[in-house]
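Protein chains: 2
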Amino acid sequence: MPSTSLFSTEKIVEAHERIKPFIHRTPVLSSTAINAIAGCQLLFKCENFQKIGAFKMRGATNAVLQLTEAQKKNGVVTHSSGNHAQALAKAAQSAGIKAYIVMPETAPKVKVAAVKLYGGQVTFCKPTLQARETTAQKIIDEKGATFIHPYDNAEVILGQSSSAKELFEDYPDIDVFVCPVGGGGLLSGSILARDYFSPNTIIFAAEPEGANDAYQSFQAKKLIPQTNPNTIADGLLTSLGELNFPIILNGVKNVLTCYDTEIVAAMRLIWERMKIIIEPSCAVPLAVILKNKELFANKKVGLILTGGNVDLEKLPF
Amino acid sequence: MPSTSLFSTEKIVEAHERIKPFIHRTPVLSSTAINAIAGCQLLFKCENFQKIGAFKMRGATNAVLQLTEAQKKNGVVTHSSGNHAQALAKAAQSAGIKAYIVMPETAPKVKVAAVKLYGGQVTFCKPTLQARETTAQKIIDEKGATFIHPYDNAEVILGQSSSAKELFEDYPDIDVFVCPVGGGGLLSGSILARDYFSPNTIIFAAEPEGANDAYQSFQAKKLIPQTNPNTIADGLLTSLGELNFPIILNGVKNVLTCYDTEIVAAMRLIWERMKIIIEPSCAVPLAVILKNKELFANKKVGLILTGGNVDLEKLPF
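If you read the protein sequences in the order shown, they are chains L and F. Take 1 as the starting number for the first sequence in our numbering and just add one per residue. Take 1 as the starting number for the second sequence in our numbering and just add one per residue.
Worth flagging that the hints you see were computed from the coordinates, not collected in a lab. Beta carbons: idealized from backbone N, C-alpha and C, even for Gly. Just so you know, not all the hints are guaranteed correct.
Said to hold, decoys possible - DMTMM-like cross-link-like pairs, simulated, lysine to aspartate or glutamate; straight-line CA separation at most 20 Å:
1) F:K314 / L:D152
2) L:K314 / F:E14
3) L:K221 / L:D152
Claimed, not checked - Reference excerpt, derived from the structure (chain F facing chain L, CB under 7 Å, subset only):
4) A36
5) F49
6) S94
7) I97
8) I277
9) D311
10) L312
11) K314
12) F317
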C-alpha cells in the first residue's frame, strides 16, 4: 500500500463516481490471433475509444471537478504533448471554465486541432520541459489560472486509477497487468487500483528504450530525469513525477523496455488483427509482452490501450 | 417481397443459425461527433470486426456448410478481389476441405497473405472478370471443385442477410438503411432481411461514381455490366449479379453515388473519430449520407461497415 494519505479506497471510489457522467466505460477487447502469437490471454482495455480518444480524459475531468469556485473563475493551464491537453480543454469546456494549453511546436496536428475544437487557448513553445514550464508559469502569473500537471497531481492520478479499476471489476482474476509509463500518471493510478481492488495482480511497467528513465530510476531506486528522449512513442517522452515515482517503485515487479522497431511491429499487429487505431505509445505493453513471452505464458494479462490520436499522415508503416 | 422461392423467412433464419458457431455477432457502434456532422443518428454495424475482417465470412460459411458430402471431397473454388477469398479459405479450412482461390495479381498483399494463412491455394490472374472466370473454370475442370460465386449465389446471399438481420434485431426502429453495392451480395441479403424483419425500413444503395453499374442498371431497369471501373473502393468493382439485380431493383429506394474524394473524407472521419480501421469500400455509405443530408435529417440510420482489410502501406491519407 502507498504510504501517502493522499490516496485511499474511498478516494478512488469517489473519483470514479465523480467522473462517471463525463467519461465512457470503455470496452475490453481480445483477439484469438494475438493470443496465439503471445501465448497468453490478453485483455485490451480500450481507452482509445474514451472521450477525446485517450485515458487522459479521466484524470483531467477529476482535477477540474475538484477545483474550488474561486479557482474556476481564473481557469486552468497545463503543458502537454497532446492528450492531456485535449482532455483538460474538454473537461474545462464542460465545466464552463477557461483552459490555457501550452503545447510543444512539434505536437501532432490532429492533437492541436482537437484542443482548439474543445475551446482551449493554445500557446506554442519549444519542445523541451524547461520551455513548457516557463511558458506555463507566465500564464499562471498573468491569468491566475490553476496549473493542472499532466501526471504529477493527486487528483489526476485518482482519475487515471478508474481505468484499471473498471478492468479489475470486469475481470477479477487478472494475473498480470502491463502499463506503459511516461510521467507515471496512469501507472501510479493503476497501481493504486490494483492495491485496493485486485491485490494478487502483478504489475509490470512497459517503456521505450529511447525514453527509459523509469527503468533507470527503478534500478537506481531514485528518480533519474529523462534527458533527450528519442522514441516513436510520443506520449512517453517525459520524466517520472515526484508523486508518481514512490508509488511505482513500490508497486511494480519490474520495468520492461523495448525498441521502436518492436513498438511499430506490435502497433501494426493490433491495427491489422483488431482493426482498431492506437497510438505508438499504446503498443509498448504488447511489445514487451511479445519480447518476454516466458513471463506471461498461459497467464491472463490485462493491458490498457491508452489512446488513438495518431496523425494519419505520419504513420510508421 | 422477392418473387423467387429461393428465399424465405425460414431460410434466412436457418442460414443465420447454421453459421452462428462460426461467426461473431458484431457490435454496433455510434459516434456523437459524426452524428453532429451528419445531422442524424448513425448506427454502424461493425463487420470490420467480423472473422477474417469482413462480412463475407457470413456468406462463404453458409455456402460451405450447405455442400453435399460428395462436393466436399473435391473442395471449393472462387475468384475474388479479396475478402470473399479469405472468407472461403477460412470457411473451407474449418470444414476440413480444400479451397482454390483465383485472385487478381493486383489484390492487396495483406489479403493474399491472409488467404494463404487460412490454407487457401492461390492462383493469380489478370485483373479482369474474364481472366478470373477462365482461370476458375480451369480449376473446376481439373479438380472437380464446386464454384462458390462471391455474390451471385443463393446460399451466399442468405449468409450475408444475417448481418442486417442482427442489426434489425438490435434496433427494431431503424428508419433508413444504407448499404454499399458492388456485386450486390450484401445489398440483396440486406433487402431480404429488411423485407422479412424490418419492413418499414427504407434502403438506399451506396456506390462509387467510378463503378456506378448499379446506378445505371437501376435507372435503366435492366442489368448493365460494369466496364473499366475506376475507384479507390476496391471491394465494389464488379458487375451486379443475375440473382442479385431483381432483388435490388425491387428493394431499394434509390442508388446514391459519390466521388472518391468524398469516400476518402468519410473514411478519414471514421478512422479519426471512431478509432476503427475500415476499408475504403466501407466508407461509401457515410459518404453518400454526408452528400445527401436532407434525405436522412433526424432519422435513425443503419449502415454496415463491411470490412477492415486495408494495406497499411497504401493508405489514401
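Consistency of the hints with the structure:
At most 20 Å may separate the alpha-carbon atoms for a hinted pair to count; K314 of chain F and D152 of chain L exceed this at roughly 40 Å. Taking the CA atoms of K314 of chain L and E14 of chain F, the gap is about 47 Å. The hint is violated against a cut of 20 Å. Pair hint K221 of chain L plus D152 of chain L holds up; C-alpha atoms about 18 Å apart against a cutoff of 20 Å. For A36 of chain F, the shortest C-beta to C-beta distance to chain L is roughly 12 Å, which exceeds 7 Å, and the interface hint is violated.
Interface hint status for F49 of chain F: upheld, as the beta-carbon distance to the closest one in chain L is roughly 6 Å, under 7 Å. Given hint, S94 of chain F at the interface with chain L, is violated; its Cβ is 13 Å from that chain's nearest Cβ, farther than 7 Å. The interface hint given for I97 of chain F is violated, since its Cβ lies 22 Å from the closest Cβ of chain L, which is over the 7 Å cut-off. Interface hint at I277 of chain F: satisfied, since its Cβ lies 4 Å from the closest Cβ of chain L, which is below the 7 Å cut-off.
Hint status for D311 of chain F: violated, given a least beta-carbon distance of 9 Å to chain L, over 7 Å. A cut of 7 Å between beta carbons decides the hint on L312 of chain F: the least distance to chain L is about 4 Å, and the hint holds. Hint status for K314 of chain F: violated, given a least beta-carbon distance of 10 Å to chain L, over 7 Å. Restraint check, F317 of chain F versus chain L: the minimum CB separation of about 4 Å is within 7 Å; hint holds.
Comparing the model with each numbered hint stated earlier shows that hints 1, 2, 4, 6, 7, 9 and 11 do not hold.
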